[in-house]
Amino acid sequence: MWSQKKAPLLILAWLCLLTSPFSFAEMNIKLSGFLTAGVAISDNEDSYLGKSYTDKTDFSSDSILGLQIDSRFNDKARISGQLVAQKQNDFEVEAEWLYIAYRFSPATTARAGRLRMPLYSVSSFIQVSSAYLWQAPPETVYDQTPFNRYHGVDLTYTKSLSGNSFAATIYAGELSDDIEFSGLTGRVETDGFYGIRLDAATNHYKTHLTYLTTNVKILAFGQSIDIDALFFAAGLTFSYGAWETNIEWARTDTDSAIFGVTNGGFITQSRSLSDWSGYITYGISRSEELNDAFSKDSSNITVGLKFDDDNNLTWKAELHHGKAEPNTPGQFNLPTGTLPQDPTVNLLRLSVSTTF
Amino acid sequence: MSTLPVILKRYIRLLVVTIILVAVIGNAAKLFAEEIVVVVNLDNSIDNITKKELRAIFMAQSFNFSDGTLATVVNLAYKHQLRDEFYARVTGYSAKKVKQRWSAATFSGRAEFPEEFDTAKEVIRWIKQNSHSVGYIDAASVTDDVKVVLRLP
Numbered sequence: 001m002w003s004q005k006k007a008p009l010l011i012l013a014w015l016c017l018l019t020s021p022f023s024f025a026e027m028n029i030k031l032s033g034f035l036t037a038g039v040a041i042s043d044n045e046d047s048y049l050g051k052s053y054t055d056k057t058d059f060s061s062d063s064i065l066g067l068q069i070d071s072r073f074n075d076k077a078r079i080s081g082q083l084v085a086q087k088q089n090d091f092e093v094e095a096e097w098l099y100i101a102y103r104f105s106p107a108t109t110a111r112a113g114r115l116r117m118p119l120y121s122v123s124s125f126i127q128v129s130s131a132y133l134w135q136a137p138p139e140t141v142y143d144q145t146p147f148n149r150y151h152g153v154d155l156t157y158t159k160s161l162s163g164n165s166f167a168a169t170i171y172a173g174e175l176s177d178d179i180e181f182s183g184l185t186g187r188v189e190t191d192g193f194y195g196i197r198l199d200a201a202t203n204h205y206k207t208h209l210t211y212l213t214t215n216v217k218i219l220a221f222g223q224s225i226d227i228d229a230l231f232f233a234a235g236l237t238f239s240y241g242a243w244e245t246n247i248e249w250a251r252t253d254t255d256s257a258i259f260g261v262t263n264g265g266f267i268t269q270s271r272s273l274s275d276w277s278g279y280i281t282y283g284i285s286r287s288e289e290l291n292d293a294f295s296k297d298s299s300n301i302t303v304g305l306k307f308d309d310d311n312n313l314t315w316k317a318e319l320h321h322g323k324a325e326p327n328t329p330g331q332f333n334l335p336t337g338t339l340p341q342d343p344t345v346n347l348l349r350l351s352v353s354t355t356f
Numbered sequence: 357m358s359t360l361p362v363i364l365k366r367y368i369r370l371l372v373v374t375i376i377l378v379a380v381i382g383n384a385a386k387l388f389a390e391e392i393v394v395v396v397n398l399d400n401s402i403d404n405i406t407k408k409e410l411r412a413i414f415m416a417q418s419f420n421f422s423d424g425t426l427a428t429v430v431n432l433a434y435k436h437q438l439r440d441e442f443y444a445r446v447t448g449y450s451a452k453k454v455k456q457r458w459s460a461a462t463f464s465g466r467a468e469f470p471e472e473f474d475t476a477k478e479v480i481r482w483i484k485q486n487s488h489s490v491g492y493i494d495a496a497s498v499t500d501d502v503k504v505v506l507r508l509p
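Top to bottom, those sequences are chains A and B. The first sequence maps to residues 1 to 356 in our numbering. The second sequence maps to residues 357 to 509 in our numbering.
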């Protein structure tokens, strides 16, 4: 089994090897990175969303640093590693991914190693704030799964047809990762899972469909919970001039009395004007086959502004208003059986981010 | 009271002259705008590329030339004026917006950020040494070291 502690050391050793005077000239090596500094505060003392925002000023939840190393041996084989420091790991450097990619043909590429789970529209670059519109991708969809990386393989077939691109990816593997879920820290493990993702993109629209089936063991709440789970997700982005509409929906279907079935979706409408973009998002979450005490029933409205300056910095400000449905914890993280003192919350998030 | 229409007439005349001047200068600027050419390595088997194919490659949607070989993008530097002009002509987006697409592609592991150079001369030197590269320069800077596959007047 993969040791998370060893991964940064392996990448460091690999980097030293690659940057030695003998190999540097022969291999194509690229270093790139991303950085976000953020601050968040809500008007509700109860912990809210996956990042556990409260009414205390929080400088760490939205702050992150990533460094990526890519080296291409030839036009077929490539190695990529990404190191990330964030609050979730107490800002200890951890390998987000480390894989070898092999291009069998212009259309077919396989990867093996530690990979990101490609469930949602931006989940493969979720930590890179300047690459998308929102302060954070809407939680009604993106907070549904407590894990986002795995160890295994994927195989992608792509087809470009007069400027339109299509891709089909199948992936399989196992995962064993520390998670933060509903305010609790735990561990998730699987013996195996299988998934498929389909993508299509043209000048004006981009769409994806994903499906994943697995049996997971969650070690949390002081016990081990065995769960059969199915994930479905779909998304559509439609761009017309300066206007853009994003719609995503996801369903997590488990046989667990604690997790039940969750449906979540959102719609974002945005308008860009030169270097500025403004947007509004409506998100909704509904649970099925679940006791109210565990239900994530909630809705929210978010408005935000994004500005790309001339120094490669992206500035964002976002105001989120959320509401848990009566007698449910909604998107709040509370001990089982307790309800938020105030079911409504206003959350302000500000950030500046860059890539290099 | 009678002076008001005179002032108004002068104002309208000035406005008309200004509009005509702006239109003439604008068109003249367009006429004399630099021609941009898309260049590849001399060994590349393709002799031309369509604007649609080029758009997909520079928007990080496709990473192959039409013959199936790998296509790697070379950019002019971030603040080079031809860079914005090129992206406006090919993609309809600003270079800043396109960089977000490359951030998404790079940090999801599908691609790597393109190489960037300050001058056309450096772009040519890089393309000469890297057989899969595709870049853009002003037409006046073209040399025999690269092959022109598309002209963007």
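Honestly, I wouldn't trust all of these hints.
For lysine to any residue, the following SDA-like pairs were computed, each having C-alpha atoms within a straight-line distance of at most 25 Å [unchecked claim]:
#, chain 1, residue 1, chain 2, residue 2
1, B, Lys-452, B, Leu-508
2, B, Lys-453, A, Gln-269
3, B, Lys-453, A, Gln-341
4, B, Lys-407, A, Gln-269
5, B, Lys-453, A, Ser-277
The set of hints was computed from the structure by calculation and includes no laboratory data.
- Task: Could you work out which earlier hints the structure fails to respect and list their numbers in ascending sequence?
- Result: Violated hints: 3 and 4; rest satisfied.
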